[in-house]
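These protein sequences, in sequence, are chains A, B, C and D.
For the first sequence, the UniProt record's numbering gives the first residue as 1, with consecutive numbering after it.
For the second sequence, the UniProt record's numbering gives the first residue as 1, with consecutive numbering after it.
For the third sequence, the UniProt record's numbering gives the first residue as 1, with consecutive numbering after it.
For the fourth sequence, the UniProt record's numbering gives the first residue as 1, with consecutive numbering after it.
Keep in mind that the hints were calculated from the coordinates and are not lab data.
Be aware that a few hints might be false.
What follows is a set of in silico ranges between Cβ atoms, one per label pair, in the way DEER data are often shown [said to hold, decoys possible]:
no., chain 1, residue 1, chain 2, residue 2, range
1, A, SER88, D, ASP162, 50 to 60 Å
2, B, PRO148, D, GLN288, 45 to 55 Å
3, C, GLN74, B, GLN178, 52 to 62 Å
4, B, GLU131, C, GLY141, 17 to 27 Å
5, B, PRO148, C, GLN84, 51 to 61 Å
6, C, ASP60, A, GLY48, 16 to 26 Å
Since the structure is predicted, the reported quantities are computational estimates derived from the model, not experimental observations.
Virtual Cβ for every residue (Gly too), placed ideally from N, Cα, C.
Number of protein chains: 4
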Amino acid sequence: MNMSTVNTARLLITCEDRPGIVQAVSSFLYHQGANITALDQYATEAQGGRYFMRVEFELDHLETRQDALIDTFQKNVAEKYAMQWHLSCVRDIKKVGILVSKVDHALLELLWRHARGSLPCEITQVISNHEDLRESVENFGIPFTVVPVNKDNKVEAYARIDELMQGNDLLVLARYMQILNEDFVNKWPMKIINIHHSFLPAFVGANPYKQAYEKGVKLIGATAHYVTADLDQGPIIEQDVERVSHDCTVEQLREMGEDVERNVLARAVKWHLEDRIIVDGNKTVVFQ
Amino acid sequence: MNMSTVNTARLLITCEDRPGIVQAVSSFLYHQGANITALDQYATEAQGGRYFMRVEFELDHLETRQDALIDTFQKNVAEKYAMQWHLSCVRDIKKVGILVSKVDHALLELLWRHARGSLPCEITQVISNHEDLRESVENFGIPFTVVPVNKDNKVEAYARIDELMQGNDLLVLARYMQILNEDFVNKWPMKIINIHHSFLPAFVGANPYKQAYEKGVKLIGATAHYVTADLDQGPIIEQDVERVSHDCTVEQLREMGEDVERNVLARAVKWHLEDRIIVDGNKTVVFQ
Amino acid sequence: MNMSTVNTARLLITCEDRPGIVQAVSSFLYHQGANITALDQYATEAQGGRYFMRVEFELDHLETRQDALIDTFQKNVAEKYAMQWHLSCVRDIKKVGILVSKVDHALLELLWRHARGSLPCEITQVISNHEDLRESVENFGIPFTVVPVNKDNKVEAYARIDELMQGNDLLVLARYMQILNEDFVNKWPMKIINIHHSFLPAFVGANPYKQAYEKGVKLIGATAHYVTADLDQGPIIEQDVERVSHDCTVEQLREMGEDVERNVLARAVKWHLEDRIIVDGNKTVVFQ
Amino acid sequence: MNMSTVNTARLLITCEDRPGIVQAVSSFLYHQGANITALDQYATEAQGGRYFMRVEFELDHLETRQDALIDTFQKNVAEKYAMQWHLSCVRDIKKVGILVSKVDHALLELLWRHARGSLPCEITQVISNHEDLRESVENFGIPFTVVPVNKDNKVEAYARIDELMQGNDLLVLARYMQILNEDFVNKWPMKIINIHHSFLPAFVGANPYKQAYEKGVKLIGATAHYVTADLDQGPIIEQDVERVSHDCTVEQLREMGEDVERNVLARAVKWHLEDRIIVDGNKTVVFQ
Numbered sequence: 001m002n003m004s005t006v007n008t009a010r011l012l013i014t015c016e017d018r019p020g021i022v023q024a025v026s027s028f029l030y031h032q033g034a035n036i037t038a039l040d041q042y043a044t045e046a047q048g049g050r051y052f053m054r055v056e057f058e059l060d061h062l063e064t065r066q067d068a069l070i071d072t073f074q075k076n077v078a079e080k081y082a083m084q085w086h087l088s089c090v091r092d093i094k095k096v097g098i099l100v101s102k103v104d105h106a107l108l109e110l111l112w113r114h115a116r117g118s119l120p121c122e123i124t125q126v127i128s129n130h131e132d133l134r135e136s137v138e139n140f141g142i143p144f145t146v147v148p149v150n151k152d153n154k155v156e157a158y159a160r161i162d163e164l165m166q167g168n169d170l171l172v173l174a175r176y177m178q179i180l181n182e183d184f185v186n187k188w189p190m191k192i193i194n195i196h197h198s199f200l201p202a203f204v205g206a207n208p209y210k211q212a213y214e215k216g217v218k219l220i221g222a223t224a225h226y227v228t229a230d231l232d233q234g235p236i237i238e239q240d241v242e243r244v245s246h247d248c249t250v251e252q253l254r255e256m257g258e259d260v261e262r263n264v265l266a267r268a269v270k271w272h273l274e275d276r277i278i279v280d281g282n283k284t285v286v287f288q
Numbered sequence: 001m002n003m004s005t006v007n008t009a010r011l012l013i014t015c016e017d018r019p020g021i022v023q024a025v026s027s028f029l030y031h032q033g034a035n036i037t038a039l040d041q042y043a044t045e046a047q048g049g050r051y052f053m054r055v056e057f058e059l060d061h062l063e064t065r066q067d068a069l070i071d072t073f074q075k076n077v078a079e080k081y082a083m084q085w086h087l088s089c090v091r092d093i094k095k096v097g098i099l100v101s102k103v104d105h106a107l108l109e110l111l112w113r114h115a116r117g118s119l120p121c122e123i124t125q126v127i128s129n130h131e132d133l134r135e136s137v138e139n140f141g142i143p144f145t146v147v148p149v150n151k152d153n154k155v156e157a158y159a160r161i162d163e164l165m166q167g168n169d170l171l172v173l174a175r176y177m178q179i180l181n182e183d184f185v186n187k188w189p190m191k192i193i194n195i196h197h198s199f200l201p202a203f204v205g206a207n208p209y210k211q212a213y214e215k216g217v218k219l220i221g222a223t224a225h226y227v228t229a230d231l232d233q234g235p236i237i238e239q240d241v242e243r244v245s246h247d248c249t250v251e252q253l254r255e256m257g258e259d260v261e262r263n264v265l266a267r268a269v270k271w272h273l274e275d276r277i278i279v280d281g282n283k284t285v286v287f288q
Numbered sequence: 001m002n003m004s005t006v007n008t009a010r011l012l013i014t015c016e017d018r019p020g021i022v023q024a025v026s027s028f029l030y031h032q033g034a035n036i037t038a039l040d041q042y043a044t045e046a047q048g049g050r051y052f053m054r055v056e057f058e059l060d061h062l063e064t065r066q067d068a069l070i071d072t073f074q075k076n077v078a079e080k081y082a083m084q085w086h087l088s089c090v091r092d093i094k095k096v097g098i099l100v101s102k103v104d105h106a107l108l109e110l111l112w113r114h115a116r117g118s119l120p121c122e123i124t125q126v127i128s129n130h131e132d133l134r135e136s137v138e139n140f141g142i143p144f145t146v147v148p149v150n151k152d153n154k155v156e157a158y159a160r161i162d163e164l165m166q167g168n169d170l171l172v173l174a175r176y177m178q179i180l181n182e183d184f185v186n187k188w189p190m191k192i193i194n195i196h197h198s199f200l201p202a203f204v205g206a207n208p209y210k211q212a213y214e215k216g217v218k219l220i221g222a223t224a225h226y227v228t229a230d231l232d233q234g235p236i237i238e239q240d241v242e243r244v245s246h247d248c249t250v251e252q253l254r255e256m257g258e259d260v261e262r263n264v265l266a267r268a269v270k271w272h273l274e275d276r277i278i279v280d281g282n283k284t285v286v287f288q
Numbered sequence: 001m002n003m004s005t006v007n008t009a010r011l012l013i014t015c016e017d018r019p020g021i022v023q024a025v026s027s028f029l030y031h032q033g034a035n036i037t038a039l040d041q042y043a044t045e046a047q048g049g050r051y052f053m054r055v056e057f058e059l060d061h062l063e064t065r066q067d068a069l070i071d072t073f074q075k076n077v078a079e080k081y082a083m084q085w086h087l088s089c090v091r092d093i094k095k096v097g098i099l100v101s102k103v104d105h106a107l108l109e110l111l112w113r114h115a116r117g118s119l120p121c122e123i124t125q126v127i128s129n130h131e132d133l134r135e136s137v138e139n140f141g142i143p144f145t146v147v148p149v150n151k152d153n154k155v156e157a158y159a160r161i162d163e164l165m166q167g168n169d170l171l172v173l174a175r176y177m178q179i180l181n182e183d184f185v186n187k188w189p190m191k192i193i194n195i196h197h198s199f200l201p202a203f204v205g206a207n208p209y210k211q212a213y214e215k216g217v218k219l220i221g222a223t224a225h226y227v228t229a230d231l232d233q234g235p236i237i238e239q240d241v242e243r244v245s246h247d248c249t250v251e252q253l254r255e256m257g258e259d260v261e262r263n264v265l266a267r268a269v270k271w272h273l274e275d276r277i278i279v280d281g282n283k284t285v286v287f288q
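Please take these sequences and the hints and turn them into a complete structure.
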């Protein structure tokens, strides 16, 4: 990590839209001596709209000045505009836990990109409800734990997973084929990313490739979204599709779809780690 | 039209899958003196599967030999394999009627491509439930007729449209914002192509761009399909999508979507005119 | 044009990168009473890098305040940072002249989008070196002039075209198959957009589809770029490609390519009209 | 491998285009008792054109009948049409050797897809001019050998690699950053696939991402091609691109490009293994 990265932070801001916000935030940072390296904003069009902002900046000696910066911003800027806001320092590497079942493509894509340095996080552990992927995960030097889940032990199982995952900033469901219980989901609000193997909202539920085959669609897709208590209904982060034709079997759709899934999931996780996503009700604002 | 085109025909064949079909068809054509210029086949994988074939061939003096060819093929080949089949001669330009309401993008794309020679058909007329597009259509030298439709005159209106459209091989709904009545649909089986302004089966029904906006999808799409009595459920011919972001308004989604719609519809119509599509239950086989 | 549009303006700024620019610009606008509706920035990474900014804002009574605003901004902000900058008011509709030869697809795409209200400009006239497209153009109610060009009259011809085009803000070469002379190009710096029918820098020069066919590429493309004295070498604004296969003839490559060309050109022209492009040496910054 | 796969073979045929070829081939196979499961053909349009065909078929007891089949086909069909042809049995798994330098993404994509069963081949060994990737390769249980190459030992080095690679059906250059010597290339005609990190023919030679950055292109790409003695000029098998923008650094172009490279290479290798490619002069026919 070089000096520039050590001193880089990002502000994510949500508030009611009104004039002067860019000016207020940029003046504050300027007078603190910070250099703005990226700035994105978005306002919904509706009357009394919402305003969203992402600012990336560099500030010398950020580590020692961080606490004071947060206090001052809250008092001098955030209160005036009733902002919900969050500051994250690039130096504070985010911790990520992964949940997986038996299929490995989405998991391996994450482990591999992480190993190559293109996912800025620490992958702390992988938890599965099956033994199958132990060797694949441990080859990367990452702890692997099995927590069996069945219809009789759901409460205990998710309590155990929650306990094991404590300390993580983000959980990723890399094709975890169990439905999380609501209690668990509520403990990790907008902190769980799932990859769904269809172009939602088409083909919710089980066996989307089979549904796609039977419907005869000409494109198959994948959707990365935050997990909420409503199955397959959380805010969509990223989607992509691949062209298919009448002669693809369900199995071929699945194989082609897995390539889409792993790329879509990797992009969504990366954007979360780079603080590019703000949740706006049931939708996401993604600053790229 | 040059000699080669005048003597070109296409066979579309559907039957139960069993050995020898390619051999039987190609031998027949060889012994007739035809030269096969394109051949595509597809068989469903299931036990007792279905077989689909498209053959394009050139045969000298096709016009005078056509009737005999059809008889002989039926007796010598088609009966043996219990084929459903159809021969079309490229020389017999297909006739196309278009139905439209007020928005013009899908209609104009068809008229324009037709004018440039890239849609091999005759566009016989355009029927609308509104006056708005008369000038646009008549500028292309194509007759324009208004047949008003409302909830009280549906039966008469569609009887009138059916009468006006007699003689056409294909009807295209280029954003025709009325639901056809079942009787009309049944008279034109797999002869009506509609463009739906969403990536079906997501967002069936009205206002798909508004639905897409509210759901926060990251891709919007369009679907061209044959019209059946089940609204938005007919066999899909072609689909495509365009990437969108959180800052697109419903209006911008609509504008971007219209570009997808017109390209998807133009491709579907072209494939139909080139005899590239065979309907297989609720799906299509498209030989490209 | 509604009140909001009438009072909307855009600032395009280029200067040396240093801290405080966002703050300076946003403070200036805030104190003028303007509301920033979009803000994009980009800085090159190199030491002593360049900084680029686009700000869109609304300001009541913009028309009467515009001149004072320009003076004050120059004195209070631009001089301090040695900015090159330009203010454009959305109310001042840009004037566009089009040059074309015989093929019509790129031209018609522009005329059509303009007619539908999705190109915010006035198309003042179309000049061609051939008569062929007169009717197509005049059907849209736009003046059409023929200025023949041959190797003996180049100087006079371009002097004539330059004279006819006076008053336009932008010239678009919608498949104009003549090489402009250097003198003409120098009179319209970064004010001429050309569509090249290949994915530059592959296939510079003549007959790119033939070159692509002979090379056996699997994608064909198109490139919209500003015209400079170096043929096919001006700053690239937009590019796109379409997948092709071994069985495409040169003619089919051309037909598929024309669809790419018209979309690429339309996007490039729209971005120019919306003041989204800043030229940075031989490259463009495009704020989308 | 199930019975169907064990008894599946593919015929690749090239000859002069004339009537009767489909009939001759399909009749031959029919009378042998084979069932055609896929058939593709392509004829160049030029006078005295070339004809290309791929037929996949199932034949009971293929293993014991294979030699007789080859003899009979040569005598009864191939000689008559002066065919160049090749029969491959799916049962005979192809052997693949990989050459690599230091960057791992293209290599790992192949190893990983192979491990998941989606590349139908045996990967026999990986040879590199550096030690760096030993562990990554050996983790997959595949032998790894270092053969250093420098300007003084080229002849011996490639003689050594040629010796080590004997018995392979295909060599893959998965970002092997050495220029093969001509003698080596001539020993492996159309049996070496390279991934080039640009959309050829744009950006031949070294540092294509730097070239792309300096040129300001809006799409970056990758090209998989057969290796010939002409550097970067061999027949193109597959290409793809990704959209980029002005704010991508060379490093980011490289990272995005690597995702394109690995997918393009994996597709090209898969098509070769499935006998989908016929080389036609400096171009490829790819039957998908």
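Should the hint that GLU131 (chain B) and GLY141 (chain C) are 17 to 27 Å apart at their CB atoms be regarded as holding? holds (20 Å)
Given the range 45 to 55 Å, decide if the beta-carbon distance of PRO148 (chain B) to GLN288 (chain D) lies inside it. holds (48 Å)
Supplied distance hint 50 to 60 Å, evaluated on CB atoms of SER88 (chain A) and ASP162 (chain D): For ASP162 (chain D) against SER88 (chain A), whose Cβ atoms are near 54 Å apart, the range 50 to 60 Å holds.
Is it true that the C-beta distance of PRO148 (chain B) to GLN84 (chain C) lies inside 51 to 61 Å, as the hint says? holds (58 Å)
Per the hint of 16 to 26 Å, is the separation of the Cβ atoms of ASP60 (chain C) and GLY48 (chain A) within bounds? Given a distance of about 20 Å, which is inside 16 to 26 Å, the answer is holds.
GLN74 (chain C) paired with GLN178 (chain B), Cβ distance criterion 52 to 62 Å: holds (58 Å)
The structure fails none of the hints (numbered hints given earlier).
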